[in-house]
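Using the sequences and the accompanying hints, generate a full structural model.
Protein chains in written order, with the numbering used here: chain A, 1 to 138; chain B, 1 to 138; chain C, 1 to 127; chain D, 1 to 127.
No lab work stands behind these hints, which were simulated from the structure alone.
Errors might be hidden in some of the hints.
What the hints assert, rightly or not - Subject to a maximum C-alpha distance of 20 angstroms in a straight line, what follows is the list of computed DMTMM-like cross-link-like pairs (lysine to aspartate or glutamate):
1. C:Lys44 to D:Asp49
2. B:Lys28 to D:Asp54
3. C:Lys44 to D:Glu102
4. D:Lys44 to D:Glu102
5. C:Lys44 to D:Asp106
6. A:Lys28 to A:Asp89
7. C:Lys44 to D:Asp108
As the structure is a computational prediction, the values presented were derived from the model and not from experiment.
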Amino acid sequence: MTLRVESSAEYPIVREADVIDVRRRVRKLAQERGFDTFATAALTTGASELARNAWVHGGGGEARVEEVADGLRRGVRLTFRDRGPGIADIERVLAGGFSTIRSLGLGLSGTRRLVDEFEIDSSPGRGTVVVVTKWTRF
Amino acid sequence: MTLRVESSAEYPIVREADVIDVRRRVRKLAQERGFDTFATAALTTGASELARNAWVHGGGGEARVEEVADGLRRGVRLTFRDRGPGIADIERVLAGGFSTIRSLGLGLSGTRRLVDEFEIDSSPGRGTVVVVTKWTRF
Amino acid sequence: MRGAIPILRVGPNLLTTVHVELDDNIADAFQQDVLQAIERTGAKGLVIDISSLDEVDTYVARVLADTGRMAGLMGARTVLVGMRPEVAATLVRMGYAMEGVETALDVDDGIALLAVRRSVAGAKDTA
Amino acid sequence: MRGAIPILRVGPNLLTTVHVELDDNIADAFQQDVLQAIERTGAKGLVIDISSLDEVDTYVARVLADTGRMAGLMGARTVLVGMRPEVAATLVRMGYAMEGVETALDVDDGIALLAVRRSVAGAKDTA
Ligand SMILES: Nc1ncnc2c1ncn2[C@@H]1O[C@H](COP(=O)(O)OP(=O)(O)O)[C@@H](O)[C@H]1O
Ligand SMILES: Nc1ncnc2c1ncn2[C@@H]1O[C@H](COP(=O)(O)OP(=O)(O)O)[C@@H](O)[C@H]1O
Numbered sequence: 001m002t003l004r005v006e007s008s009a010e011y012p013i014v015r016e017a018d019v020i021d022v023r024r025r026v027r028k029l030a031q032e033r034g035f036d037t038f039a040t041a042a043l044t045t046g047a048s049e050l051a052r053n054a055w056v057h058g059g060g061g062e063a064r065v066e067e068v069a070d071g072l073r074r075g076v077r078l079t080f081r082d083r084g085p086g087i088a089d090i091e092r093v094l095a096g097g098f099s100t101i102r103s104l105g106l107g108l109s110g111t112r113r114l115v116d117e118f119e120i121d122s123s124p125g126r127g128t129v130v131v132v133t134k135w136t137r138f
Numbered sequence: 001m002t003l004r005v006e007s008s009a010e011y012p013i014v015r016e017a018d019v020i021d022v023r024r025r026v027r028k029l030a031q032e033r034g035f036d037t038f039a040t041a042a043l044t045t046g047a048s049e050l051a052r053n054a055w056v057h058g059g060g061g062e063a064r065v066e067e068v069a070d071g072l073r074r075g076v077r078l079t080f081r082d083r084g085p086g087i088a089d090i091e092r093v094l095a096g097g098f099s100t101i102r103s104l105g106l107g108l109s110g111t112r113r114l115v116d117e118f119e120i121d122s123s124p125g126r127g128t129v130v131v132v133t134k135w136t137r138f
Numbered sequence: 001m002r003g004a005i006p007i008l009r010v011g012p013n014l015l016t017t018v019h020v021e022l023d024d025n026i027a028d029a030f031q032q033d034v035l036q037a038i039e040r041t042g043a044k045g046l047v048i049d050i051s052s053l054d055e056v057d058t059y060v061a062r063v064l065a066d067t068g069r070m071a072g073l074m075g076a077r078t079v080l081v082g083m084r085p086e087v088a089a090t091l092v093r094m095g096y097a098m099e100g101v102e103t104a105l106d107v108d109d110g111i112a113l114l115a116v117r118r119s120v121a122g123a124k125d126t127a
Numbered sequence: 001m002r003g004a005i006p007i008l009r010v011g012p013n014l015l016t017t018v019h020v021e022l023d024d025n026i027a028d029a030f031q032q033d034v035l036q037a038i039e040r041t042g043a044k045g046l047v048i049d050i051s052s053l054d055e056v057d058t059y060v061a062r063v064l065a066d067t068g069r070m071a072g073l074m075g076a077r078t079v080l081v082g083m084r085p086e087v088a089a090t091l092v093r094m095g096y097a098m099e100g101v102e103t104a105l106d107v108d109d110g111i112a113l114l115a116v117r118r119s120v121a122g123a124k125d126t127a
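Okay, here's the thing in structure tokens:
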């Protein structure tokens with residue numbers, strides 16, 4: 001099935017306030033797109049985790065927010081990109097509970113469990129890109 | 001932004017009493033510098049952890065205490081230096097909960113969370129230098 | 001940022017309603033305000049109402065849990081109230097059930113829970 | 001260093017106010033004094049008042065928690081009272097919430113808490 005991108009917008013994440021801004025925009029779009037309260041909370045919370053990571057760990061970056069459709073379903077796709085230090089051991093991070101800031105370490109692994117599709121591309125020195133897609137259901 | 005050093009003093013850490021002495025001096029300076037009670041407790045506690053480490057693990061060393069300013073903010077910078085055995089696996093220590101003296105192992109990782117800037121330079125046989133900066137807020 | 005989140009005295013407890021999105025600055029100020037209010041009033045309990053929060057990510061969840069821990073070190077008991085269904089579902093799905101944090105459905109239940117804790121203690125005291 | 005930190009008998013409990021900065025020597029002497037006082041007086045509870053402490057680093061926090069554990073092994077229950085807001089905030093931020101240590105706002109509350117615990121234990125005893 002081909003994926004159709006129906007709209008696309010990009011937002012910078014260079015200050016902490018941008019994390020909150022991205023979250024608000026994702027929430028608004030999810031609601032417009034017909035996500036129920038559970039799916040909206042899931043996508044918005046995931047956006048919050050990834051935006052915060054781009055800011056805290058990646059030293060800033062940007063978020064692309066897209067309305068997508070595949071003929072059967074309507075969804076939202078989010079791309080977070082930073083040019084920070086990257087992640088050395090992605091497997092360890094995705095197992096959950098590992099944090100270099102002595103935080104909970106559940107941001108990436110938790111987000112993966114909130115969305116339908118999750119892709120991460122990161123290696124030391126090259127920065128990090130995370131792409132997640134969620135369709136209109138929890 | 002350039003960092004201006006407005007005052008600088010150095011204190012030896014060769015006996016346990018010196019740990020308490022350094023802590024007192026840092027507290028006094030933080031208060032003079034306009035730190036509130038939370039920021040003062042944070043910086044002073046961090047100083048206490050690092051001075052104790054220089055004494056217990058580093059076999060003694062010295063502390064440099066500086067008043068700094070960057071044009072917008074006033075702060076305090078602390079440098080702890082010892083010529084002890086150094087730390088082999090810094091990442092492991094900074095993850096928290098690791099101790100070679102069966103202590104809590106939260107001194108270094110905890111201090112990092114109390115200050116605004118944290119740098120550590122240590123390797124086996126070369127001793128350890130930790131530099132932390134805190135601006136006037138918790 | 002201090003004072004951004006109101007803290008009210010309700011009998012022997014403090015009640016605070018988190019109605020703004022927490023960032024680092026507001027979170028720090030919130031914790032400091034709450035702890036100083038406990039010291040000033042001698043409050044034995046703290047009710048944190050999050051019924052206004054549409055989402056709680058792991059950062060905010062941790063700030064809330066830490067606030068309860070800080071209050072606990074001072075000797076005040078914390079109850080988190082009003083968490084929305086979709087927030088509870090999302091947090092548990094992410095793997096963080098906020099273990100160790102006491103919860104109640106709403107402010108009234110939270111205050112009742114704190115009163116029960118105190119009266120049970122009191123009854124046993126005079127028994 | 002023995003006797004550097006005063007220990008008072010208050011009814012069935014001991015009350016000690018830590019008003020000096022703890023170093024290794026004072027900490028050891030403090031623990032020995034407290035434990036021998038428990039043995040000598042048969043005290044059932046210990047209230048450690050830290051309201052005079054401007055800061056508590058992980059070393060001091062551990063000494064205090066360990067003192068409570070030692071008293072507990074002897075059968076006396078410990079309550080830590082009077083922790084200041086900025087001390088509570090700093091410890092939790094460092095990642096040490098002193099889990100397992102009982103706390104109260106001040107000396108009066110600490111003594112009341114110990115009374116409750118004893119009557120609960122007494123009730124269970126005679127049940
Ligand atoms: N964008 C990023 N750039 C570099 N490192 C990252 C990034 N995102 C996550 N990480 C690394 O993965 C760890 C786990 O991330 P996460 O699960 O979000 O938890 P937390 O942010 O609480 O540590 C982080 O502590 C960090 O080391
Ligand atoms: N200045 C130092 N020199 C050598 N080793 C150190 C130094 N500081 C810390 N370490 C090592 O790091 C470990 C963790 O330190 P820390 O987090 O302060 O906890 P703790 O002192 O309770 O063990 C220590 O147990 C020690 O092995």
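Worksheet item: Checking against the hints above, which ones are violated?
Response: Of the numbered hints given earlier, the structure breaks just one, which is hint 6.
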